[in-house]
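Respectively, the protein sequence lines represent chains A and B.
Residue 1 is where the first sequence starts when you use the UniProt record's numbering, and the numbers rise one by one after that.
Residue 1 is where the second sequence starts when you use the UniProt record's numbering, and the numbers rise one by one after that.
To be clear, the hints were calculated from the coordinates, so they are not data collected in a lab.
Here a beta-carbon is modelled for each residue, glycine too, at the ideal position from N, C-alpha and C.
Certain hints may be false.
[Stated by the list, open to error] For the chain B half of the interface with chain A, some residues (derived, Cβ under 8 Å), not all of them: (1) Met1; (2) Leu96; (3) Ser126; (4) Arg146; (5) Val231; (6) Arg234; (7) Tyr237; (8) Glu286; (9) Tyr308; (10) Leu312.
[Claimed, not checked] Covered stretches of chain A, as calculated for chain B (at least 3 residues, CB under 8 Å): (11) 371 to 381; (12) 451 to 457; (13) 570 to 582.
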Amino acid sequence: MTTTAKPRTVGAARTRVEGREKVTGAARYASEQPFEELAHGWLVLSTVARGRVRAVGEEAVRTLPGVLTVLHSGNAPRLTTDFVSLLGPPDPVVALFQHDRVPHLGWPVALVVAETPEQAREAAEALVVEYDEEPHDVAFRAGRPGTYTPEDGSAVAAKGDLEAELASSSVLVDASYTTPEQHHSAMEPHAATARWAEGRLEVLDTNQGTGWVAGDLAQLFSLDASSVRVRSEHIGGAFGSKGVRPHQVGAVMAATVLHRPVRLALTRRQVFAVTGYRSPTAQRVRLGADPDGRLRAFGHEALNLTSTLRPFVETSAVFGRVMYDARAHHTAHRLVGLDMPTPTWMRAPGEAPGSFAVESALDELAERLDMDPIALRARNEPETGPLSGLPFSSRNLLGCFEEGARRFGWAGRDPRPRLRREGRWLLGTGTAAATYPSGAAPSTASVTAEPDGGFTVRISAADVGTGARTALTLVAAEALDVDPERVTVRIGDSDFGQAWVAGGSMGTRSWSLAVVSAAEELRGRLALSDGDIPPEGITARTDTAGLLAELAKKERHSFGAQFAEVAVDVTTGEVRVRRMLGVFAAGRIINPLTARSQLVGGMIWGLSMALHEEAVRDAASGGQVGADFAGYHIAANADVPVIEADWIDDPVPDDPVGVKGIGEIGIVGAAAAISNAVWHATGVRHRDLPLRPDRILQAEETGPGA
Amino acid sequence: MKEFSYQRATDVEGAVALLDADPDARYLGGGTNLVDLMKTGVERPGRLVDVRELPLDRIEPTAEGGLRIGATVTNSDLAAHPEVRSRYPALAEAVLAGASGQLRNMATVGGNLLQRTRCPYFTDTSLPCNKRTPGSGCSAATGEHRNGAVLGASAHCVAVHPSDMGVALAAFDAVVSFETAEGSGELPLADFYLPVGDTPHRETALPQGALITAVTLPPAPVAARSRYRKVRERASYAFAIGSAAGALDVADGTVRDVRLAFGAVASHPWRARAAERMLLGQPAGEAAFAAAADAELAAAQVLEQNAYKLPLLRNLVVSLLTELAEEAAR
Numbered sequence: 001m002t003t004t005a006k007p008r009t010v011g012a013a014r015t016r017v018e019g020r021e022k023v024t025g026a027a028r029y030a031s032e033q034p035f036e037e038l039a040h041g042w043l044v045l046s047t048v049a050r051g052r053v054r055a056v057g058e059e060a061v062r063t064l065p066g067v068l069t070v071l072h073s074g075n076a077p078r079l080t081t082d083f084v085s086l087l088g089p090p091d092p093v094v095a096l097f098q099h100d101r102v103p104h105l106g107w108p109v110a111l112v113v114a115e116t117p118e119q120a121r122e123a124a125e126a127l128v129v130e131y132d133e134e135p136h137d138v139a140f141r142a143g144r145p146g147t148y149t150p151e152d153g154s155a156v157a158a159k160g161d162l163e164a165e166l167a168s169s170s171v172l173v174d175a176s177y178t179t180p181e182q183h184h185s186a187m188e189p190h191a192a193t194a195r196w197a198e199g200r201l202e203v204l205d206t207n208q209g210t211g212w213v214a215g216d217l218a219q220l221f222s223l224d225a226s227s228v229r230v231r232s233e234h235i236g237g238a239f240g241s242k243g244v245r246p247h248q249v250g251a252v253m254a255a256t257v258l259h260r261p262v263r264l265a266l267t268r269r270q271v272f273a274v275t276g277y278r279s280p281t282a283q284r285v286r287l288g289a290d291p292d293g294r295l296r297a298f299g300h301e302a303l304n305l306t307s308t309l310r311p312f313v314e315t316s317a318v319f320g321r322v323m324y325d326a327r328a329h330h331t332a333h334r335l336v337g338l339d340m341p342t343p344t345w346m347r348a349p350g351e352a353p354g355s356f357a358v359e360s361a362l363d364e365l366a367e368r369l370d371m372d373p374i375a376l377r378a379r380n381e382p383e384t385g386p387l388s389g390l391p392f393s394s395r396n397l398l399g400c401f402e403e404g405a406r407r408f409g410w411a412g413r414d415p416r417p418r419l420r421r422e423g424r425w426l427l428g429t430g431t432a433a434a435t436y437p438s439g440a441a442p443s444t445a446s447v448t449a450e451p452d453g454g455f456t457v458r459i460s461a462a463d464v465g466t467g468a469r470t471a472l473t474l475v476a477a478e479a480l481d482v483d484p485e486r487v488t489v490r491i492g493d494s495d496f497g498q499a500w501v502a503g504g505s506m507g508t509r510s511w512s513l514a515v516v517s518a519a520e521e522l523r524g525r526l527a528l529s530d531g532d533i534p535p536e537g538i539t540a541r542t543d544t545a546g547l548l549a550e551l552a553k554k555e556r557h558s559f560g561a562q563f564a565e566v567a568v569d570v571t572t573g574e575v576r577v578r579r580m581l582g583v584f585a586a587g588r589i590i591n592p593l594t595a596r597s598q599l600v601g602g603m604i605w606g607l608s609m610a611l612h613e614e615a616v617r618d619a620a621s622g623g624q625v626g627a628d629f630a631g632y633h634i635a636a637n638a639d640v641p642v643i644e645a646d647w648i649d650d651p652v653p654d655d656p657v658g659v660k661g662i663g664e665i666g667i668v669g670a671a672a673a674i675s676n677a678v679w680h681a682t683g684v685r686h687r688d689l690p691l692r693p694d695r696i697l698q699a700e701e702t703g704p705g706a
Numbered sequence: 001m002k003e004f005s006y007q008r009a010t011d012v013e014g015a016v017a018l019l020d021a022d023p024d025a026r027y028l029g030g031g032t033n034l035v036d037l038m039k040t041g042v043e044r045p046g047r048l049v050d051v052r053e054l055p056l057d058r059i060e061p062t063a064e065g066g067l068r069i070g071a072t073v074t075n076s077d078l079a080a081h082p083e084v085r086s087r088y089p090a091l092a093e094a095v096l097a098g099a100s101g102q103l104r105n106m107a108t109v110g111g112n113l114l115q116r117t118r119c120p121y122f123t124d125t126s127l128p129c130n131k132r133t134p135g136s137g138c139s140a141a142t143g144e145h146r147n148g149a150v151l152g153a154s155a156h157c158v159a160v161h162p163s164d165m166g167v168a169l170a171a172f173d174a175v176v177s178f179e180t181a182e183g184s185g186e187l188p189l190a191d192f193y194l195p196v197g198d199t200p201h202r203e204t205a206l207p208q209g210a211l212i213t214a215v216t217l218p219p220a221p222v223a224a225r226s227r228y229r230k231v232r233e234r235a236s237y238a239f240a241i242g243s244a245a246g247a248l249d250v251a252d253g254t255v256r257d258v259r260l261a262f263g264a265v266a267s268h269p270w271r272a273r274a275a276e277r278m279l280l281g282q283p284a285g286e287a288a289f290a291a292a293a294d295a296e297l298a299a300a301q302v303l304e305q306n307a308y309k310l311p312l313l314r315n316l317v318v319s320l321l322t323e324l325a326e327e328a329a330r
């Protein structure tokens, strides 16, 4: 018998299994599936920020060409909205047309359905909606009245006497930071097609979890869970915005009323209006340290806005609970309810804005201590969870800094600011730490041994563009000990059973656990069989709830070190990032090709967060100013320099798959590294994002300091 | 979307006749601005007359030694033209500083001059805007106006003209040729755009239904040493928050000729004549350049959010003219 070298599966770079379909255009996205008798819906959004709908002039548009129906709070079917599902209660905006109140600008007030999308749009834009308008308040800022501590167990975490430790510290930082309203706005706008077929509701959608969306739609429309099927084959980005949103609810509502398939696709501006966003934050960080850099006091308070409908906490202050220990450690969140849409999770919710504040403050502390920023972080490396006291499953932050510093050329850096010039550009370098939780949630998966020697994996996972389908193919192949070409992974279908969503950097870990466990179960059964596979195959199915319950309680997180070099022209305010390096300790990396791409993508988003992204609210109307990609700037190609992302070994001994998840951590700390580099270049601390030219110029005019 | 008809014009006379007969018709060039505005409902024409096939796509030398640029020449072709690059380099740089490669392949010279402001209130039909809906009010003056005008604005409108190309054309005294049903005409760029006053919706002095046929650059030896600098909120693919086109002729350390125009400061490309007058015959140097910029900006009126434009423009002028002076000294 000859032996051949086994093909490497997990750990070997693989292009996406559906890559060819995607780049040739053969992959169909949610709004591209043809249907017979398809009708098209168009949402009408409120143009006032607070009040009541007095009248909807539907008669005038019902006679327009192609119009089939106009749904609004006066005639829409009733929904059940007081439920809690996989990820908590549904977003208030999905209670489509259930009352006449308008809680914010852009609230859906009507749905026009017509034979073609153009007819629907024309009628929707012609629809006259009258409002009883009330004064609104969308002004978010630190120190404003009306703030409150949310009734959330994790809103506040504290140990020690903060004021006393601050008083006995020899070096202090007390600084306020702000981050603006930011939007996901994935490349593929939200779109859903709903139809009733043989007594079942079928929805073709683009989302982060078909089981989640199917479950919520069943609740909303009071349907048996088994009578709803949601599919989401290809997804053009999600980032937290693609859960249950008005597009699915409107499509289902209209399909139910009209007894024919209905598609509802959002425009870019509607995506900005009704699919959630990251709240602006106002944060205060107070640090007190001994002369050797050891923290005595760590205080972080973070304020964010929410709607008047539901509290949503942007958990910025969670970051420090993992990163740094101090004798006194106080972190707290506060909210203010405004006439604004309800914010939602957006890439690295909490950690993205939180790391900007804390990692900037650490840099300020290093400056005051005259200490290297990396040495300061090493000095405060905790042995166990700073607040929990639990051991870390693995914590390789210092390894990331060590490798990053070596590759970036950090050694010998002159810490003094505003010393390096190249033509009109001042140059500087900065660094920051990153972390994000590594969670997992119960999921089911099945693996079938097919008679032709192949294997089919079924799991209601979602590939939001990350390469999850490919990663699961590699994981399954390794677990089955077969070549990946023999494995077909089917995802994006709620009929495959409940599984965790593509969110919270928990997708790949949760799904891998389920797939490995089903594959192992199948191998056991195949070992007992006589080798014959019946025509329907042999299927093993598992649920990881028990497995996860047995996992020891530990601090489980990914870590990373971010480095950036910037060039700043203080005469024009232009900031250019020249290079970035991120080194991460994120468990086992399944597919280096797509993992690198995901980490680099996160870092680019961090660059974009540092320099560009900002949704501006018009105080008078309460709406977003310029809600499109001309008004909401994201980094352009020319802004993005050479960006390197890499990782160090990070074994997690007690974890069955060793995967930690990499969806979020790339963005964490990136904006702080850039902002710290801007200080190093210019000598000016910028504590408000984004670092716009006018802010750089203004700081130059008023002189450094502050 | 409103339904509209589409016709492709094959000769200038026919195109002008179509517009003359239908007040609801609009010329369609590259469509890079008009089509966007139609999607958002800002523009709702009933008929589009596509003028891109008209024989107006040539760049030719004039008898006087200037250049005549056909109205349907694309931005890409304009920026790549050897005569433009050697004799009016700031114009080529300005064009390349705008939009993206794909858009520049579509956009035309005539359309560029007629593009509308990107003020976010102008493009949002749910909000007041005097330029879009006369008499409805200016949301920007009291709202978001970080990119608002600092020169020549009024309480009725603080929007800025978005063109980069136009800034260089203004610096080089371009003349716009047009055709109407009554015959042909010409407008120097300095008279092409109307003051804002209380009629911000009236943007140009073009007669109703006029078709731009060409833009002529008079000979300008000074333009051979010229440059365009644009500052925006990201490195590419954004409209200017401040820009400057400059040309400088220095002999024996003295300014013999100078051209200067600003972008993103007013409702139209802004020719900095006060600065030019101040510099002529003066010793070239940072102090003179800064004083000239200050002279031009003396009339500026800033709003709450756009005061940064003054140091920005001043710094741009100093740095741009200093570079040109250093170049001349080499």
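Now the hints, each set against the structure:
Residue-level restraint check for Met1(B) holds (minimum Cβ-Cβ distance to chain A is 5 Å; threshold 8 Å). Hint status for Leu96(B) relative to chain A: violated, with the closest Cβ pair at about 12 Å, above 8 Å. The beta carbon of Ser126(B) is positioned within 8 Å of a beta carbon in chain A (closest approach about 4 Å), and the interface hint is therefore held. This hint holds: Arg146(B) has a C-beta 6 Å from the nearest C-beta of chain A, less than the 8 Å allowed.
Nearest Cβ of chain A to the Cβ of Val231(B): about 5 Å, under the 8 Å cut. The hint holds. For Arg234(B), the suggested interface contact is upheld, since its CB lies about 5 Å from the closest CB of chain A, less than 8 Å. Hint status for Tyr237(B) relative to chain A: holds, with the closest Cβ pair at about 4 Å, below 8 Å. Residue-level restraint check for Glu286(B) is violated (minimum Cβ-Cβ distance to chain A is 12 Å; threshold 8 Å).
Given the 8 Å rule on beta carbons, the hint for Tyr308(B) holds: about 4 Å separates it from the nearest Cβ of chain A. The beta carbon of Leu312(B) comes within 6 Å of a beta carbon in chain A, closer than 8 Å, and the hint placing it at the interface holds. For a cut-off of 8 Å, the count of residues in the stretch 371 to 381 of chain A with a CB near a CB of chain B stands at 0, and the three-residue condition is violated. Three residues within the 8 Å Cβ limit are the bar, and the stretch 451 to 457 of chain A against chain B gives 0, so the coverage statement is violated.
Only residues whose C-beta sits within less than 8 Å of a C-beta in chain B count toward coverage, and the stretch 570 to 582 of chain A has 5 of them, enough to reach three; the restraint holds.
Going down the numbered hints, you'll see the structure goes against 2, 8, 11 and 12, while the others check out.
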